[in-house]
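A.B. asks: Protein sequences, first through last, are from chains A and B. The first sequence maps to residues 0 to 267 in numbering that gives the first Met the number 0. The second sequence maps to residues 0 to 264 in numbering that gives the first Met the number 0.
Take the hints with a grain of salt, since some may be wrong.
[Said to hold, decoys possible] In silico contact screen, one side only, chain B against chain A (beta carbon under 7 Å); selected entries:
1) R24
2) L28
3) M54
4) R60
5) V64
6) F83
7) R84
8) G88
9) L95
10) A100
11) S101
12) N103
13) A105
14) A115
15) H119
16) M165
[As the list claims (entries may be wrong)] No more than 25 Å apart at the CA atoms, straight line, and that leaves these computed lysine to any residue pairs for SDA-like:
17) K151(B) - S155(A)
18) K151(B) - L166(A)
19) K151(B) - R188(A)
20) K89(B) - W176(A)
21) K127(B) - W176(A)
22) K151(B) - F181(A)
23) K89(B) - R177(A)
24) K151(B) - N186(A)
25) K127(B) - K151(B)
26) K151(B) - R177(A)
27) K89(B) - R188(A)
28) K127(B) - S155(A)
29) K127(B) - F181(A)
30) K89(B) - R160(A)
31) K89(B) - L166(A)
32) K127(B) - R188(A)
33) K89(B) - E161(A)
34) K151(B) - V190(A)
35) K151(B) - P185(A)
36) K89(B) - A162(A)
37) K89(B) - F181(A)
38) K89(B) - L178(A)
39) K151(B) - T5(A)
40) K127(B) - L178(A)
I should point out that these hints are in silico values taken from the structure, not numbers from a laboratory. In this text the structure is predicted, and so the values were computed from the model without any measurement. Here a beta-carbon is modelled for each residue, glycine too, at the ideal position from N, C-alpha and C.
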Amino acid sequence: MKALRTAAAAVLIGVAVLAAGADAFARHDYAAQFRDHANEGPSRRFLLGTDDVGRDRFSRLLHGVRVSLLCAPAAALLAIAIGAVIGLAAGYFGGWLDRAAGIAIDLFLSLPWLFALLMLRALLPLDAAGWISIAATFLLLAGVGWASGARVVRASVAGMREAGPILHARAYGCGTWRLLWFHMAPNLRPVLSAQFWVLVPVFLLTEANLGVLGLGVTEPIPSWGNILAELQNYHRIPESPWILAPAALLVLVVGSLHFLVSGRGAWE
Amino acid sequence: MTAESGELLRARVSVDYEGRGAVLRDLDLRVAPGEIVGLAGQSGSGKSTLALALMGLLDPRRAAVRGAIHFRGRDLLTLPEREFRSLRGKEIAFVLQSALASLNPAMRIGAQLREAWEVHRGRGGDWKAEAGAALEAVSLPRDDAFFRRFPKDLSVGMAQRVLIAMAVLHRPALLIADEPTSALDVITQAEILKLFRGLNAAYGTAVLFITHDLPSAASLCHRIAVLHEGRIVETAAAPEIFERPRHPYTKRLIEALPRWEPAPA
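Kindly produce the complete structure, drawing on both the sequences and the hints.
C.D. replies: This is how it looks when you write it as structure tokens:
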């Protein structure tokens, strides 16, 4: 298992380095169109060939991975932050706040994610500028993905309310905010970090699903999802299998994340 | 209902737990300034509930407190939470039952003492000097090495002393101690009882000593109230409780005490 985890970490670090240095590793701009070389196979000039309009697949893949690897953890952070605030407030204050949060959590957990995201994304303009579409896509992910974290936090806070150190801190005069921030929040770190590592691969995959459906990040900015959209021309896969590279890399990265996360229990 | 002069605390309360019914029924308890009052009763008699009710720490979602708790003439039950909070730890202090489970395991002893100081005095004062004096009063070292320790590095007896040091940090008028000695061996127990006596003499702090251990209460307290099924059935000076118990429950408590008679040779 240790070798497997080392390999998984190596894969993630390797992909992260490639993505971070996309400008250096890729010889062509991700948006540059070489019309004379459209639909070419892999060559020294175009490592993964070119697409319909002659753009370098390798460059698009690295830049697309960079967008996803930056935004999925950012969205996961935002999701657990939302979840932590809602869970803390609901678990600590109780009453109507807790009931309202409970309903919202149940609602969000029972949403068919993909369809909800499709509907929300459809409300936004399809031709939105690239960076706006990136922000919108990942904000939507965070907006939908906070619920599981909130539920775990709410349960741990409700349990902590009666715990000795909390009672003691209240007895010597700690106010609510100090109690929540200094005495309860630090105890939530393991729960939140577990949530984070669960959400990152989920968000990577969800962005890919949205991208395949043409609803994620908009062209010309590449993302893992909209590169995969090319696979809709599945009849071309037998003759040009290299277009599977983004899908293979996604499986590799998400798989590595899962290996690392499930191994974490053994370290701690 | 106003507090009579010469009364620090006068509580007349009933507490109902959701789903469990009445835990305290028209309980009437007085503590005079500087007095040490023992509250004796067996497990489940409502001792801890009373302590939490007096501190305003019962979860309002699960427990309903009725009646009045007059402390220095103010009814704590109608006091806004903000004002009640400024009394907690400063004028009414609380020592919980399990010392090691009460200290925050993630905070150093110094950080906890500092917090207990700063929540009431802000950052202006010299918390270290005050915390040091409190530690000295409970016979603990006051050096930086001790401040840097975590609760897991303390013995139960030391942890209990830290808790008491935190409780007397602001020289409160009333100290409520909920079974502070029940987890300790007899020698440490005797030391802690001596400590309460000393703090009472030095600072004039009144003590409400909650225990199931009648002899400890008798050795420490001026008066003892016996709690049975949520009511105080008898209150008397410590020797009197032993010599002339009036209530049948008190008699049973005293008869249940182990006696040491030399075994016949």
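A.B. asks: For a quick check of understanding: which of the numbered hints are violated here, in increasing order?
C.D. replies: 1, 2, 5, 6, 27, 28, 32 and 39
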